[in-house]
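> Order-wise, the sequence lines are chains A and B. Residue numbers for the first sequence follow our numbering, so the first one is 1 and each next one is one higher. Residue numbers for the second sequence follow our numbering, so the first one is 257 and each next one is one higher.
Careful: at least some of the hints might be erroneous.
[Said to hold, decoys possible] In silico SDA-like pairs for lysine to any residue, Cα to Cα no more than 20 Å straight-line:
#1 B/Lys404 x B/Leu269
#2 B/Lys404 x B/Thr393
#3 A/Lys134 x A/Leu111
#4 A/Lys134 x B/Leu269
#5 A/Lys134 x B/Thr426
#6 A/Lys134 x A/Arg123
[As the list claims (entries may be wrong)] Distance windows between CB atoms, simulated:
#7 A/Gln117 x B/Gly418: 25 to 33 Å
#8 B/Leu539 x A/Ala170: 37 to 45 Å
#9 B/Ala260 x A/Ile141: 36 to 44 Å
#10 B/Phe368 x A/Asn159: 45 to 53 Å
#11 A/Gln117 x B/Met360: 38 to 46 Å
#12 A/Ala132 x B/Ala522: 52 to 60 Å
#13 A/Leu137 x B/Asn313: 53 to 61 Å
#14 A/Ser173 x B/Ala260: 56 to 64 Å
#15 B/Tyr319 x A/Ile141: 49 to 57 Å
#16 A/Asp133 x B/Pro530: 55 to 63 Å
#17 A/Gln90 x B/Met334: 42 to 50 Å
#18 A/Glu124 x B/Met334: 37 to 45 Å
#19 A/Ile175 x B/Gly418: 39 to 47 Å
[Stated by the list, open to error] Reference listing, derived: stretches of chain B covered by chain A, where coverage requires no fewer than 3 residues with Cβ under 8 Å from a Cβ of chain A:
#20 405-411
#21 420-432
Rather than coming from a laboratory, the hints here were simulated on the basis of the structure. In this text, all values refer to a predicted model and were calculated from it rather than measured experimentally. Don't be surprised by glycine CBs; every beta carbon is placed ideally from N, CA and C.
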Amino acid sequence: MVDTQAGALRAHNVTVRFQGITAINEVSLSLEPGDIRGLIGPNGAGKTTLVNVLSGLETPSCGHVTLDGRSLQGRPPHQFRRRGIARTFQSGRLFGELTVAENVIVPAVNLGFTSRQAAAHARELLAWVNLADKTELIAGILAGTDNRRLGIARALAANPRFILLDEPAAGMSEIECEEITRLITAIPQTFAAGVLLIDHNMEVVMRACERIHVLDSGRMIAEGAPAEVRSNQAVISAYLGIVVTGQRRRVNVDAA
Amino acid sequence: MMPAMLQYVIDALSLGSLYALTALGIGLLFGVLRVINFAHGDFISVGAYALIVPSANALAVLYVGALPWPLVLLLTAMSVIMVAILSELMVFRPLRGTTPATLMIGSFALSFIIQHLLLMIYGSRPKAVNLWPELTTQVNLLGLRVQKLQLATVGATAMLLGALTLLLRTTRTGVELRAAAEDYQMARMLGIRANTVIAGALALSGLLAATASLLYTAQSGILSYQMGVPLMMFAFISTVVGGLGNLLGAVVGAFVVAAIEVILQATLSDQLRPFREAFVFVLVIAILLWRPYGILEAHSSRERV
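Chain B with its partners taken away, still in its complex shape (with noise of 0.2 Å):
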């Protein structure tokens, strides 16, 4: 039974760290733009397929993918924050001031576009990729036998955490969005370069993305113009039950949704396994009759990342 439940474990980390990932990339954005930001997914899905040579082929040859793995991140990184910095001068800057509504309007129409473009440049058929193969091979872990892939998507999500915390606390910038993202109206007041901050925060949340673009794809081997959005709903799920608006209610708020999808994965019987997202909405709304604003409240005195 133990090793079982250390097994379980380790999938709701690994899971949880992908959604942190995610969730925490839409949080930055939320927190100053006030819109949650629809092709954040699609973010990631860029980053994917920016490993590969661009061609409508069923075979992907890796390009980038195939480059030491530093390189790899800066490349892929750099990628996502290109389109990330080009979404912000064509959609949401000229939007800015709108209402709140219009700014979703425009991601929904920015998530489209950047899914089409992919589907004209690489085709619609699935592509498989072998990103990292000897990540999948095992390691042995307290008796159990986990994935490499598994601790290393662990241990980079804990990594940029730890740096994002750093840089939060100890930057200027860092500062800054804090302030913006607690009440913008008062940063803007006090003099906060906005488009500063907002471009900053449209950075990090490309190298989040970036980052959970590699992960994700080593995990499933398999690239598709639509394989963010699961992700990006799963994660704008995590920010809502964390407290949107709240950095930390996001991550926290991505591990309990992936512990409920763990949990209801090996409990669920046979018959019923295939309704896990079901289960999975119920607990959630569950959760919100429980804390409408979420299990940490955004603007609360309590925590802070």
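Okay, chain A solo, but in the shape it has when bound (with noise of 0.2 Å):
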């Protein structure tokens, strides 16, 4: 497939199967840099499948992922962080026993960095997510928002052209809340980078992102702006009860 869609991040077609349960189902989705998109879908939906497949951690069933036009299927993670495309995980997977400097500075320093650039580069995004008096403490003993905030610095590190957060506003408080998304909106002007941000909560994704993504049962019902979003019908019914929610699965299963 030629892309002439130079400069983007792009999801084509990809269908994830785990031992025959189709985790997602012919997905595309295309991010390209200063944009800032939002992925929503209720639990299960399949957002952190296709979060992994962008990230290189999954290999699609079908379909493939390009950057700048040229197909990354078969490479390994890291050289999709080579290549700029970085992430945050919803479980955080920090290194608990380092320290937040070197957290930042693991990824810095392996993505070309020598070891003193790395630590004033460290010290300067780390300052830029409200960490610079935290630097030098064991990252296991951050506690809520810190633990976020460091997942989003090294995700950060290095300068990626992408980065995808997958649900960094995942049980906070409202306030909470605001602060990160006032962070995540910041990146594309800073940091030249576009953003894929995945979320469960509407809200969150609705006051940050220009164009969102709507994922249900692994496949995308509905994508556009956030008042077009809010007011789809198949939105609408994927985030409201079970009957609709089954009436129109049982639909699904018909026409395939």
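Two chains, each in its own frame: build the complex with the hints.
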């Protein structure tokens, strides 16, 4: 497939099956530098699977991922990262036994910085995410939002072109949500990176993103500006009671 | 009573030091390869045999072992590290990406190969060696006569642990090693070069094995091609008791296991003493029932080395 969209990170008709269960089905998504896009969907919709595919942790059963129009099919995750596709994890996956600064230094030195540059780079990034006074703490003792902030700083190390944030606001209070959203929305201008923000909390994504994709049961059921998505009938039923969702699923099965 | 107690403490510290050196070597490699290297004990044997002139004679002639001690340490370490790197190139690297079970069987095979190479070159008879006889003299410590060797063992271990901590904390490879030990997949994803980090871990593990073999040989005075096996066994148990995957845990586990051994040796009756090791294992099982993931659980945020 020829992709004329230079500079974009794209998933083309990606399907992922786990032992017969289809986690995501023919999903396409395009992320451009400077973009801030949202990916929402109920729990189990396949959001994290899609992020895994986009960051190289999961190889799609069908379809592929391209960067600058070139396929990344079969490449290991660290080559995705080397090419500028960074991500955070829902569970954090921070190095809990390393210091806060070391968590950022590790990717920086491995992506071309000297030790000295990496240390300075880490200081800058940590100041930007408001962790300047905690750089020497052991990452494992960080609580709540500090954890997420460090995850974002680590992902921003070595100037990635795209950053995929997997539920950065999960389990946060209203105020914490607002703080982290403010940080996330500043990423495109500050770092010239495209952002994909994943959350099942619609409000966070609605506030932060210009365009939103909606996944449900592994299918992309809607895409558009927040206002459009909010009024989309399929999205409403995906987020409302079991009865409507159940009916819609049955229709899907019949159609297939 | 007091001097007797102090004697037990020194015994436990010196035995624990040997276990700690061995357990750390195992732990370092487990951190990056996710495999218990069962050949680690044989690395220790290699270090010991490197001290003597290769021959099948019963009488061992010190060669490397007769040099000044810094040279002895250097040459022994080089021999062990060489064997460790060869093991990596010929066994661990080709098996990388296979299952942990395959890697473990690979390390068993490596263990047997090293043992039998030693057997072929040096013969099967145990050899008496007299390494650093001046260390077997005793000194007076708080009214107690203590063997210099015990103090040297504790001192050397403390210094190595200190140096290792410094290295892991301040150098780039050290930081990468710790990152890889904690979450190897994540470390790989962030671009850490697996081969460099693993080679670094092997070299450090080889240095620790070499130190252990020198101290052990000076203590036992006997070389045999399976000499490293019991050390490996107790060190392995130490890493499990301490918390597999946690380096500080390996050290703590080593001293706990050594303390149990010394206490049992001192308190068991003459009839029961031959079964000392069985009692050690009972206590180890009890500890694991109490804390299934070891005293210091891996991936904890509480401690670091």
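> Against this structure, judge whether each hint is valid.
Comparing the hints with the structure gives:
1. B/Lys404 x B/Leu269: 13 Å, holds
2. B/Lys404 x B/Thr393: Measuring from Cα to Cα gives roughly 6 Å; hence the hint holds.
3. A/Lys134 x A/Leu111: 24 Å, violated
4. A/Lys134 x B/Leu269: 37 Å, violated
5. A/Lys134 x B/Thr426: 18 Å, holds
6. A/Lys134 x A/Arg123: 10 Å, holds
7. A/Gln117 x B/Gly418: 25 to 33 Å: At roughly 29 Å between Cβ atoms, glycine 418 of chain B and glutamine 117 of chain A fall inside 25 to 33 Å, so the hint holds.
8. B/Leu539 x A/Ala170: 37 to 45 Å: 43 Å, holds
9. B/Ala260 x A/Ile141: 36 to 44 Å: 42 Å, holds
10. B/Phe368 x A/Asn159: 45 to 53 Å: Given a distance of about 50 Å, which is inside 45 to 53 Å, the answer is holds.
11. A/Gln117 x B/Met360: 38 to 46 Å: 40 Å, holds
12. A/Ala132 x B/Ala522: 52 to 60 Å: Given a distance of about 54 Å, which is inside 52 to 60 Å, the answer is holds.
13. A/Leu137 x B/Asn313: 53 to 61 Å: 59 Å, holds
14. A/Ser173 x B/Ala260: 56 to 64 Å: Cβ of serine 173 of chain A to Cβ of alanine 260 of chain B: about 60 Å, so the range 56 to 64 Å holds.
15. B/Tyr319 x A/Ile141: 49 to 57 Å: 52 Å, holds
16. A/Asp133 x B/Pro530: 55 to 63 Å: 60 Å, holds
17. A/Gln90 x B/Met334: 42 to 50 Å: 47 Å, holds
18. A/Glu124 x B/Met334: 37 to 45 Å: 42 Å, holds
19. A/Ile175 x B/Gly418: 39 to 47 Å: 45 Å, holds
20. 405-411: violated (count 0)
21. 420-432: It holds: at least three residues are needed, and the segment 420-432 of chain B offers 3 whose Cβ sits within less than 8 Å of chain A.
In the structure shown, a violation is registered for the earlier hints numbered 3, 4 and 20, in ascending order.
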